[in-house]
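So the sequences go chain by chain: A and B.
In terms of my numbering, the first sequence opens at residue 1 and continues consecutively.
In terms of my numbering, the second sequence opens at residue 229 and continues consecutively.
None of these hints come from the bench; they were simulated from the model.
Note that the structure is a prediction, hence the values are computed from the model and not measured.
From the three backbone atoms N, C-alpha and C, an ideal C-beta is built for every residue, glycine too.
Hints should not be assumed to be uniformly reliable.
Claimed, not checked - Calculated from the model, a selection of chain B residues having no Cβ within reach of chain A, i.e. all distances over 12 Å: (1) Glu289; (2) Val425; (3) Cys556; (4) Leu558.
Said to hold, decoys possible - Partial chain B-side listing against chain A, Cβ under 10 Å, derived: (5) Leu253; (6) Trp256; (7) Ile273; (8) Ala287; (9) Tyr423; (10) Ala480; (11) Gly487; (12) Pro495; (13) Pro497; (14) Gly531; (15) Leu532; (16) Ala533; (17) Asn536; (18) Asp572.
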Amino acid sequence: MFERKSGIILIAGIGFFALAFLSNAVVPILMYRHLPEKTAKELVNGNLRYQFEDLSQRFPEAFQQAYGVPPTDPEQAGDWYNDHCENALKVGRQIYIGEGCWHCHSQFVRPVSNEDRRWGPVSKSWEYQNELQRPVMFGTRRVGPDLSREGGRRSNDWHAVHFFQPEALSTGSPMPRYPWLFDGAPDKPTYRGLALITYIQWLGSWHESYPYYEDYLPVPIKTASHSE
Amino acid sequence: MTAAPAVLNTDQDFPHHQELVEERLVLWYFIAALTFMVVSMLAGILMGLQLIRHNPLPAVELLSPGRWRMVHTNAIAYGFLANAFLGIMHWVVPRLTLRPCFSRSLSYAIFAAWQLVVLATAVGILLGQAQGVEWGETPVWIDPVALFGLLLVAINFGTPILQTRGPMYVTLWYYLAALVWTFLTYAMGNFVPEYFVCGSSAGAVGGLFIHDLVGLFVTPLGWGMMYYFVPILLKRPMWSHGLSLVGFWGLAFFYPLQGIHHFLYTPIPMFLQYGAVLSTIALEMVVVTVIINFLGTLHGTGGLALTNLPLRYFYTGILFYFLTCLQCALQVTMTFQALIHFTDWVVGHAHMVMFGVFSMWQFGAMTYLIPRIFKTDWYSPQWCEWHYWASAGGLSVMAGDLILAGLFQGWSWAALQPWDASIRLSIPFWSVRIVAGLAMFGAQILFIVNFYLTWRKSLRVGPERAVSPSGNSATA
Chain A
1 MFERKSGIIL IAGIGFFALA FLSNAVVPIL MYRHLPEKTA KELVNGNLRY
51 QFEDLSQRFP EAFQQAYGVP PTDPEQAGDW YNDHCENALK VGRQIYIGEG
101 CWHCHSQFVR PVSNEDRRWG PVSKSWEYQN ELQRPVMFGT RRVGPDLSRE
151 GGRRSNDWHA VHFFQPEALS TGSPMPRYPW LFDGAPDKPT YRGLALITYI
201 QWLGSWHESY PYYEDYLPVP IKTASHSE
Chain B
229 MTAAPAVLNT DQDFPHHQEL VEERLVLWYF IAALTFMVVS MLAGILMGLQ
279 LIRHNPLPAV ELLSPGRWRM VHTNAIAYGF LANAFLGIMH WVVPRLTLRP
329 CFSRSLSYAI FAAWQLVVLA TAVGILLGQA QGVEWGETPV WIDPVALFGL
379 LLVAINFGTP ILQTRGPMYV TLWYYLAALV WTFLTYAMGN FVPEYFVCGS
429 SAGAVGGLFI HDLVGLFVTP LGWGMMYYFV PILLKRPMWS HGLSLVGFWG
479 LAFFYPLQGI HHFLYTPIPM FLQYGAVLST IALEMVVVTV IINFLGTLHG
529 TGGLALTNLP LRYFYTGILF YFLTCLQCAL QVTMTFQALI HFTDWVVGHA
579 HMVMFGVFSM WQFGAMTYLI PRIFKTDWYS PQWCEWHYWA SAGGLSVMAG
629 DLILAGLFQG WSWAALQPWD ASIRLSIPFW SVRIVAGLAM FGAQILFIVN
679 FYLTWRKSLR VGPERAVSPS GNSATA
């Protein structure tokens, strides 16, 4: 059996592979079957809507170029913002993956190494049961900080300048510049730039206490929100 | 040294090497592999320069270090390692089975298709179309094509292996299993976490994928080739057939069970994490038996491992394999993970495995096979020595440097120092890494030049039997 072709193909090749898939993949899948996968639409929450509308006021021209003009009717405007916010989340995640952000930034807080002191609460499975975490963005390396509690820590302005030229805000940062997300200046984010900022602001926005940041001060803006 | 003597005795007409091995294709695979090695190393150098904040070409979308970092890993796995393995299999499988591959034209078609797959992967990644699974970044539209290609590879090499009668040699166990595993692994990793499951479960599958890709595609093809070349070069059989059996079945059973150890302390259920840790430590025991088997085979002729360059490559790789596995048994424990996860320790480990073990083995096989295919000696054996020392030396420095850097990064984070402190302390390590990387890069360039000049020399002098006789006849 141990040196026969059938043994090697059926037992080692298929059998052991299937055993590993059952024990290492099917078991967690079954364990989390009570947590249905949320769609991107269900992920748009009040915190995120606030940030998205903040983008429309900080970068009105860029925002209008990317998404057009919202309807004047308050109720329709609410739906309009939600739809575009959902779209921005999906596009932003694509950019996060395509630019390889996830190879230098993780998205989970471990229960060790003082991480909950630095980032906020330890990550739980329910936080990842959604469309935007398929495939999951755990990450494997931290050159830069963990981002799973990043949303709301810093303003949209900060993110725009930081994506345009990271070392302008984080001295000595090895993060590359991403000028192709802008029309030549940090106050002119493109469709892709707005989407990526929206995605970053989403991270952790599902927590009741948002953001987890000791010196966070909410930026006063006149909110256009009517539906939240 | 091949098995199946019963069949051979009844068969008066031994097939000749020329009828079995498509030497030109072996050569083409080597050229493709080395080309992608250069691409991958350039990508690594770009990312390395970005880290020390000296990127010479910043702010260009198509030269984004984040994208090239993915080209770096994919070009090594699918461009260098896969191409070199396919080339070596075109040499080994027909010689062990005494049968040519399933179809000559299929062999060439697979070669062309595989280069297209790798090129398309690189282009797709550079255009920002990567997918979010490590080593599965291959853009969506290439996945089915690549999977179909792997099926063809399995048919092409599987046919001669399945046609052999009587007992099979160890190499063929590994090859046969790897043909099945690679197909299944690729199918699992490129479809399940993208389309079917999300969150922690996708993490478990993703971990299984990156792990199986190393363990069930690269490792069995690598060890298969060691079990073939080492006894030939030493002109003696493996020390213990029993240990060969333990090594193969131990790997087959324990290796796939460990995927989750890549994501310890995540929300993946804790008992699964402990299971992955235990099976990893169990596998390291198996690895020791394999190492003992190869040291036993070498016993009494150890000097050859110093004087014979291909053999020195092989045993250097085996030494690094032992070191990585020893490291693995330590770093996989929860205690170690708390400190070194997310740090450059893991990057150092990965380089030691992919370059220190598998690339070194490939270089050894290339150093051995290229003169046999060209039927002339190396243009400069001295340059081959330089290739060895710069590769092995550069890798040792890089791996040691990054492993050390990881410890300091981990301590800095745990001490709750500001984030930029961990960057500042990494800069000296990252600078050393660039120097080591450039040494490794220079070594490969020298090897490629040597390869080219050897080819020119073979055209000039015509075939000569300058190389040792063990490689050239099919029935050796």
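- Item | Violated hints, by number in ascending order, as checked against the structure | Numbers 1, 2, 5, 6, 7, 14, 15, 16 and 17 - these are the hints that the structure violates, sorted from lowest upward.
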